[in-house]
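Heads up: the protein sequence lines correspond to chains X and P, in order. Position one of the first sequence corresponds to residue 1 (our numbering), numbered consecutively onward. Position one of the second sequence corresponds to residue 1 (our numbering), numbered consecutively onward.
Do not take every clue at face value.
If chains are identical, the list can't say which one is meant, so a pair holds when it fits in one copy or spans any two.
The calculated DSS-like cross-link candidates involving lysine-lysine, where the alpha carbons are at most 30 Å apart (straight line), are [stated by the list, open to error]:
hint, residue 1, residue 2
1, K46, K162
2, K264, K162
3, K147, K298
4, K79, K218
5, K180, K218
6, K120, K298
7, K46, K64
8, K46, K118
9, K33, K227
10, K2, K180
11, K64, K259
12, K208, K259
13, K227, K2
14, K259, K227
15, K20, K64
16, K208, K257
17, K78, K264
18, K259, K78
19, K46, K180
20, K56, K147
21, K180, K278
22, K227, K64
No lab work stands behind these hints, which were simulated from the structure alone. Just so it is clear, the structure is predicted and the values come from calculations on it, not from any experiment.
Number of protein chains: 2
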Amino acid sequence: MKLNIAVVGATGVVGQETVKILAERNFPLNSLKLIASESSAGKTIKFRDQEIEVEKLERDSFEKIDLAFFCAGGDISKKYVPIAVNSGAIVIDKSSVFRLDHTVPLVVPEVNPADVYKHKGIIANPNCSTIQLVVALKPIFDLAGIKRLIVSTYQSVSGSGKLAVQELERQISQYLNNRKITRQVYPHQIAFNILPHIDVFEDNNFTKEEMKLIHETKKILGDESVKITATTARVPVLIGHAESVYLETVNHLDINKLKMVYLKSEGIKLVDDTSNSKYPLPIMSEVYDDVMVGRIRKDLAVVNGINLWIVANNLRKGAALNAVQIAELLIK
Amino acid sequence: MKLNIAVVGATGVVGQETVKILAERNFPLNSLKLIASESSAGKTIKFRDQEIEVEKLERDSFEKIDLAFFCAGGDISKKYVPIAVNSGAIVIDKSSVFRLDHTVPLVVPEVNPADVYKHKGIIANPNCSTIQLVVALKPIFDLAGIKRLIVSTYQSVSGSGKLAVQELERQISQYLNNRKITRQVYPHQIAFNILPHIDVFEDNNFTKEEMKLIHETKKILGDESVKITATTARVPVLIGHAESVYLETVNHLDINKLKMVYLKSEGIKLVDDTSNSKYPLPIMSEVYDDVMVGRIRKDLAVVNGINLWIVANNLRKGAALNAVQIAELLIK
């Protein structure tokens, strides 16, 4: 079975990564249509030996398309995902628009692969910070249950797109050259700074990013009883999100047993040798696709309390790779 | 009462800040002796209108000294603090050597000022990440008690000294110029990276920095029953430590009441207007000496759960300023 594939938002950071991963993984496709906004139409993007010209997004873009990856943001998904589905395409959507819709499966292949087959045309790809979290939590959830989860994130600027990467690079250059630091993307300087603010603030004073992490984690684990809180922060890192995680299991969990299970878990790389200064680092995520877990330790004060440090590439496992893995599940 | 003051480690980042703060606050001194290692002796440092020559640290450096600030690291403190005390000086020590000694008060003037008068020659200055934490916690502790505390830190490179600041600046310059990124201070690249590793690892797989935060917080609050866990991480920020804090109070605490108390608390600046993107930022700590608190919100899942975001200048309130405030208490 070879598919006619479309990538919407093909010139963005996640779209480009999606094209790269389709090539890397030798995804069985018949044709690849690259779609973007009018301003990017006409550009070419390399795929295997071809140079593919980017087409402008139109209402008829999805004719004869079997599978469409949407990586162009919420507004585009809201308008064009239903159009693509009506044209007969299955959509893997990377925006947050459909994630909490009860009729739409929200899938991380290592965690809830069976959910993919419940789709009615749309499968949602979770938020980057959720994906790496649930991959690392799944073995714990299966071994001992999880009753409490407290997450603080350290999220890279590539999660905000190309302009944000350019903003960080420009600001550090301005700093080194003693020039005024200018900003366009973030509400404050991001170079040499930490912003506890990702996406918009909701009425409860949590950010939408924090609420995504809370709700999506419960949906993917299939357990609404887990008590979750989160603080998400943007850090001056280019690629790779880190998460400091504290959790309490329902039942006792032996740390050494957990490490053994991690060593055998697909999609997880255990990096936990503190005596040799080995622990997951954002820059390692440019090399490894697996979700990296380390700094695993029993809490000193609370029975069944465990601390973890989780890192993954937010553009690949946190977005494009997870979406391609969903597609691979679909065609199995 | 005008004192003969000595600053040991006067050419380091904290030592320089101490000299600056003594001048800024018009500290009542009769003489100021600046002391450093042999390699820095002979340099001059500006204090008010004077240029003071730095002297080499010797066994007889503390003759006629009334009060000595030690900011030269643990090894120097271990050897020379007892010598200074035997010479008749009172020592305010910024190293971790004496902090958990039962005979040595560990003081943050906004939190436990009375402890300062129990000294037997040495008063310990807490770790930077502990100071800002306990300043922000004290009003909560007084209003409702604290039973659980989970902290994840975002700590700037200036906490590791001058060479670390230079390392971050050099690495971003190497990155911008497409040159190989070199390192000397940290075990991994710090530019565009996050290291969940501050100070050395202990046998329990917590770092010494994490254990300092746990033990020092209990000692300063005077409550060993608070259950604390911490993950400390180094971030590519020059000055200012941030902390993502989750806590559970013993009794119910109204968030609006807490904010009112913060508004009136000495040493605290409430920065919590998320609808206008206002929250504490590391770069703000270069301007404000107060410990900044924001992102205050009730937990959505646990009764008496509260989230906070705390930022302060690690060189000033986190080190030099707190030490000078201790000295001001002493001479009151």
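Subject >> Copy assignment of K46 with K64, given that the CA separation must stay at most 30 Å >> reply: within (22 Å within a copy, 76 Å between copies)
Original post:
Given a CA cutoff of 30 Å, do K120 and K298 count as a within-copy pair, a between-copy pair, both, or neither?
Top reply: So K120 and K298 fail the 30 Å test inside a copy (42 Å) and across (37 Å) alike.
**OP:** Go through the copies and call it for K46 and K162: within, between, both or neither, with a Cα cutoff of 30 Å.
**Re:** within (18 Å within a copy, 45 Å between copies)
Subject >> Up to 30 Å CA-CA - K64 versus K20, copy category >> reply: Result: close within a single copy only, 23 Å intra versus 71 Å inter.
Original post:
Taking 30 Å as the upper bound on the Cα-Cα distance, should K2 and K180 be classified as within, between, both, or neither?
Top reply: neither (53 Å within a copy, 43 Å between copies)
Subject >> Within, between, both or neither: K264, K162 at alpha-carbon 30 Å >> reply: Classified as neither: same-chain Cα gap 35 Å, cross-chain 43 Å, threshold 30 Å.
Original post:
Should K227 paired with K2 be assigned to within, between, both, or neither, using CA atoms and 30 Å as the limit?
Top reply: neither (43 Å within a copy, 57 Å between copies)
**OP:** First find the shortest C-alpha distance between K208 and K257 inside one copy, then the shortest across copies, and answer within, between, both or neither for a cut-off of 30 Å.
**Re:** between (35 Å within a copy, 25 Å between copies)
Original post:
Under a CA distance limit of 30 Å, which applies to K259 and K227: within one copy, between copies, both, or neither?
Top reply: both (24 Å within a copy, 25 Å between copies)
Original post:
Is it within, between, both, or neither for K208 and K259, if the alpha carbons may be no more than 30 Å apart?
Top reply: For K208 and K259, the Cα distance is within 30 Å only across copies (23 Å; inside one copy 33 Å).
Original post:
Within a copy, between copies, both or neither: where do K46 and K180 come within 30 Å Cα-Cα?
Top reply: Answer is between: at 28 Å across copies they meet the 30 Å cutoff, but 37 Å inside does not.
**OP:** Can you give me the call for K78 and K264, within, between, both or neither, at a CA distance of at most 30 Å?
**Re:** The answer is neither: 39 Å in one copy and 47 Å across copies each exceed 30 Å.
The structure is inconsistent with the numbered hints 2, 5, 6, 8, 9, 10, 11, 13, 17, 18, 20, 22, although it conforms to all the rest.
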